[in-house]
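**Student:** Take the two lone chains, each set in its own frame, and fit them into one complex as the hints suggest.
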Amino acid sequence: MEAYLGYFLYLLSLLTVGGIYAIFALGLNVQWGFAGLFNVGIVGFAAVGAYTYALLTTAESTFHYGGFGLPLPVGMFVAMITSALVAAVIGLICIRLRSDYLAIATIGIAEIIKLILKNETDVTNGPRGINKIPRTWEHFSEERFYSSWPLSWFGTPENWAAFFDGLPNWWWQPCFAGTILLFMYIIYRMLERARVSPWGRMMTAIRENEPAVRAAGKNVTARRVEAFVIGAAIMGFGGALFAQHLRLIEPTNTFDPAKVTFLVWVMLILGGSGNNRGAMLGAFLIWTIWSASELMISGIIDLVGFVAQSFDTTILETRAGFLRMMLIGVLMQVILQKFPEGILPEVRPASPRSKL
Amino acid sequence: MWDAFGFEFVNFYLIPGLVLGCIYALGAIGITLTFGILRFANFAHGELMMMGAYLTWTIMAIITAVIGITVHPLIAAIPASIVVIYLFFWTDKFFYKPFRKADTIKVVMASFGMMLILRSAVQVIWGPNQLTFVPGIAKPNAGLMSWTDDIGAILLIPNKHLLIFAGTIVFVVVLSYILNRTRIGKAMRAVSDSPDLAHVTGIDVDQVIRATWIVGGVCALAAGVFLAMDIQLLETTMGFRMLLPMFAAAILGGIGKPYGAVAGGLIIGLAEELSAYPWIGTEPLLSPGYKTGVAFAIMVVMLILRPQGLFKGRSF
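Listed in order, the protein sequences are those of chains A and B.
No gaps in the numbering here: position 182 of the first sequence is 182 in this note's numbering, and each next residue is one more.
No gaps in the numbering here: position 315 of the second sequence is 315 in this note's numbering, and each next residue is one more.
Chain B with its partners taken away, still in its complex shape (with noise of 0.2 Å):
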């Protein structure tokens, strides 16, 4: 079973399209409860991950520079993770807080300029040229290669992708223990079900919608930064190419559904990767060019057939 297709299929096609889909399922949480929760699309969300990753970089850069050791991005986005909330605070206070009482279309209009200011801003900043994340090729875990030799079937997984996998599941539980478990995360889903319910019931609103920044913004920061150490580079106009695959996974699992946000951009990602395999013939079913095509045409099928997503989300 585990022949040339088999080894070829699982390492160059299944294991990419999963680590894709796990940085954009980290980055869809954030969008759906943004949409679910303040009710608009966050066209910035894509920037401001790509913002998280630019910082995590100069944060590894000054540690570098002042004790000389090279630390882990993981370890540098935690110091990161408190700038990004904080930008992710700061543009609703000053951006989108003026318009909750106004027409929805306002607030995606400012997060639409929001977008265009913060990828300025890094372009003004840290330039327009890419930057190195992560220098050097990724080797395959030896460890897990030898061990899966044995049983039969390689597996060539670089530890920055068994960190992604690992990484995104203790995101998820964490997640899911927050909004099962705790008050805020309850008053959260509350909201998000039905905002005038949950207001009759004495939930304090902006409190929710500060918890949903902070929730936000860490995955939004993990998927940047998951995202730069699988490419090993930043480039400003990351955020951006992550933006229409997220929102395709927000619509593809139910606005509003963080569980749907993960299947969805599980799937997506998944989909990505797989259209680029010979099914047919020798040649990419898919040319690779059109990757981006295949998020927007799920995401198109997904608005005709099924609106309300995958997990019964909130159609509008």
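One chain only, chain A, in its complex shape (with noise of 0.2 Å):
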């Protein structure tokens, strides 16, 4: 029994964290697959996200500015608004340029995030993060939240402290794997009904005939800057999401661009991008191939350490990782060059009048 609530636990946190990234990869799909826009930032939206939503939602504290407090579902709206906002700035500057110069303006607002992050110890304290960020669910069993509104309608404080003693102490990993796919499927339907609506459709032609659109008289630049605030608004929201699971987040490793921006490339990429379903297929797909090649390159390692008894295991363990990284790398590169459609090839939705 206690083996299967493991593997029911590690299969929870698999859809939990493939969820988050699935959110990624469906706002790159809004900038890349919708609008041909090339986001290298996606880190730095999810950073903005994040630490929005750590700064509004903790409780007051001495290492950083604030700790508002604030209802979670306030800070997850705000880390979407101020995620989109930086969107906006970037967008409206580097939009019109050719599209390198929009990859090399994202890396660079990525950066200056962190370097604004890790420098600012006032407000963010620095390298040494936020913890305790209220993880949605698992926030009700903290006592500035079961004695106040809302739950303090319904019992008081002792007869909840009573109530989340009793329940196992992963009662929430459920809870919050669900919203985190409820969040992701009402994504993936407003998505879906923007593609195949009028905007989504001008999308798709400004993409593959720009002059053509420009020539019907449509605004292109605005719908661009449109598709990529969107995009970013939604990466801004997996970032609250993604801070909410980890609860403790700091500048550099949490926001490794190659962990978060290179990852969720490699997702839309394989999943098949311009295709919402094919983003989150390969977010799962890749997430769970990443965590699973954990565990087998450590199970590999022990092996050689059996073998071998002499040999030093250790340089291969700090080094499994760089190859595991590699390795996704080349894959890319093959998505890349001989399945540049993915999974899941984008379907051009039909005009309306064509079913008639």
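Calculated from the structure, these hints are not laboratory results.
Think of the CB as a built atom: it goes at the ideal place given N, C-alpha and C, for glycine as much as any other residue.
One should not assume that every hint holds.
[Unchecked claim] Pairs of lysine-lysine, BS3-like flavour, derived with a Cα cap of 27 Å:
no.: 1; chain 1: B; residue 1: Lys-291; chain 2: A; residue 2: Lys-118
no.: 2; chain 1: A; residue 1: Lys-259; chain 2: B; residue 2: Lys-101
no.: 3; chain 1: B; residue 1: Lys-97; chain 2: A; residue 2: Lys-338
no.: 4; chain 1: A; residue 1: Lys-114; chain 2: A; residue 2: Lys-259
no.: 5; chain 1: B; residue 1: Lys-291; chain 2: A; residue 2: Lys-338
no.: 6; chain 1: B; residue 1: Lys-291; chain 2: A; residue 2: Lys-114
no.: 7; chain 1: B; residue 1: Lys-106; chain 2: A; residue 2: Lys-259
no.: 8; chain 1: A; residue 1: Lys-338; chain 2: B; residue 2: Lys-106
no.: 9; chain 1: A; residue 1: Lys-338; chain 2: B; residue 2: Lys-101
[To be verified] Calculated from the model, a selection of chain B residues having no Cβ within reach of chain A, i.e. all distances over 10 Å:
no.: 10; residue: Thr-58
no.: 11; residue: His-72
no.: 12; residue: Ile-105
[Unchecked claim] Chain A regions said to be covered by chain B (calculated; three or more residues, Cβ under 8 Å):
no.: 13; region: 36 to 43
no.: 14; region: 94 to 100
no.: 15; region: 108 to 115
no.: 16; region: 310 to 323
no.: 17; region: 330 to 338
**Tutor:** Below, the structure is given as structure tokens:
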């Protein structure tokens, strides 16, 4: 029974993190899949979302600015808005130029955001990061939440404390995973609606044949900025969920471009850029491969250590992670060259009139 | 005139700024040539620079182990340059060439993937920890110090910085000779200015691309070795740290303009160091932690006001 519980919780954690990555991939799909905007600063938008959420929702703290203790949905909503604002500034500057400049500018803004997070120690606690970030569901078992609205309507703090003590310590995990999957589903439905709408069809047209769309009198730059901002808002939301999942965020290792930006790109390309379902499939697939390969590699290292007793395996342990990153990079190159459409190729929405 | 202000300003801000500027300039030459001739922003450039420095370190270590003498990094860099040039050829052949007819953004994606592959490869082979490139503390050049002391303006420049200045000047002179006097150099400039016209006049584009990788590769290696000589250690993030300032330098100078890249590199390097000078009061004008931000700010201002750069490069 205990073993099954372990597998169940591992599956839940795969779904949780996979779902967060799926939200990032959906955001990137709006930018790249719909509009053809090359964003290599995903990690920056995620960090803006995560830090905004963390500063707004944590309890009052002496280590960083505020800790405003606001309700969690407010934190997530503001995280989306902040990320969208950053994207709007970048977008307005760079989108009229060629895509390479947007790539350089986004990778730059991601670095600048990390620089600010590292240096503004009064606000963000610098490299030590922010901890005790409230996580949806689990936060109810903290005193400041169960002793205040809305839980205080239903019971006294003592009752709630006793209630949460009675639950197994993983009670929140299925709820948290379910919430993330629900958010992912809502975003997916909204994006599907956007994709088949006139707006989405215009985006495809802009990506495929910009001069023709311009000739038809559409405002190409404004549409591109819209797609960029919407994508970044979704990434900011994903960043807020990422902060909830980790509970402790700091600028360097949490927001490593290789582990966020690059993985999300591989996910979208593998799943199929332009296809929302493909983005989600790619996210879950790559995340499963990523975390399963961690177990597999440590197993192989143990085996090597067992077979060759005298061999020092610590050198392998420190470097295995980099080898894994390198193999994912090679995988990306193979997909890019051999299967550019991904697993689920893009399906062009038919014009409603053609169905009549 | 040469009071405490001048002493501090020149030795601790101006000269380090110029050193940094030389390194950026050499790196930006490769970026601007690739951008101008192959028409894509090469994100892997910084990593190849870093890899070149690691290879130089390895060759130094091998020579020390075999013969027992410590050679200067610049001598070890000569065999390393051959490896780096082949690395550039190899990445081009397997990862960039398949996309030459496709949308340029595919090549940018491939180069972005290449950046991660190369960095992880370095981390797998050499390990993630810092390595000492040249041990010891670099003392200022004694001759220069006593000579400048006599004329009343003490300059404290270590030999490594003098070598970096001299090396950069040699590279820029050789580069300008190649670009202005040789057939292949003229062909490179022609392709950069107008690929269609260059094609019509019968220029061998493949040869031009190879030449671009050689010139860019040698400059990148020099930049990597100079950077390692300057900070005296090797780390796997040093290439990525250089990437943004080098892009900024290339854009500032104008895409496809090697002299522009040199000027841009020097301006960015100086701006980064001088931004930390206490211009007003005694506090640094900008906290040194934000140095990288200066390059980015210059780049953003350029993109808004003058995307073609100072030297009227290509704007897309």
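**Student:** Name the hints, by number, that the structure is in violation of.
**Tutor:** Checked against the structure, the hints that fail are numbers 2, 5 and 12, while the rest are satisfied.
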